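Generate the whole structure from the sequences, applying the supplied hints.
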Amino acid sequence: MSAEIEKRLKRLEDIEDIKQLIARYAKAADLNGNEAMMATCFTADAVWNCEGIGGWQGRDAVVAGLRETSTVKLPWALHYMTQPIITIAADGQTAEGEYYLWELAKVSQEDGGGATEDTWIGGWYESKFRNENGVWLFSHIELILKLMSGASQPQWQTPIAPWQG
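Quick note: the sequence shown uses my numbering, first residue 1, plus one each step.
Just so you know, the hints here were simulated from the structure itself, not pulled from any lab data.
Small disclaimer: the values here were computed from a predicted structure and weren't measured.
All C-beta atoms in this analysis are idealised placements derived from N, C-alpha and C, irrespective of residue type, glycine included.
Quick list of in silico lysine-lysine cross-link-like pairs, BS3-like style, CA-CA up to 27 Å:
id : residue 1 : residue 2
1  : 27        : 106
2  : 128       : 146
3  : 128       : 27
4  : 10        : 128
5  : 73        : 128
6  : 106       : 146
7  : 7         : 19
What follows is a set of in silico ranges between Cβ atoms, one per label pair, in the way DEER data are often shown:
id : residue 1 : residue 2 : range
8  : 31        : 7         : 32 to 38 Å
9  : 150       : 50        : 14 to 20 Å
10 : 150       : 9         : 45 to 51 Å
Okay, here's the thing in structure tokens:
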């Protein structure tokens with residue numbers, strides 16, 4: 001096999017590995033921020049941020065923050081990650097990606113009484129990835145929310161999160 005074909009094949013394999021990482025992250029989130037699964041998705045120095053939800057630095061803080069979000073603020077969710085555009089850097093060790101989020105969720109109400117509201121959530125992720133020891137991981141996630149609206153609302157509510165007030 002020529003060096004050019006091997007290089008192209010490696011790029012395609014890396015893109016597929018990153019798509020699998022995105023899917024594992026979504027599944028971990030859907031499993032109430034499963035800490036064991038979520039921890040395998042991030043670099044030690046990872047950053048996760050979303051206006052209205054939270055922001056954390058470092059794998060442990062990211063995992064803990066997502067766990068709390070996935071059990072307290074959004075105790076039930078189903079994430080659909082779609083249309084990924086992944087760009088592998090020339091060094092083959094870093095990458096960037098954008099992909100859409102369409103999420104069905106139950107959002108806890110502000111009164112703290114345990115009631116939830118069926119909610120549509122939409123937006124996109126802007127992520128950075130790093131290959132560590134042959135494994136692709138998230139090094140930075142920025143979630144940009146464009147839609148967060150109760151499913152029973154007569155029209156979409158964008159983009160403020162219900163728990164922000």
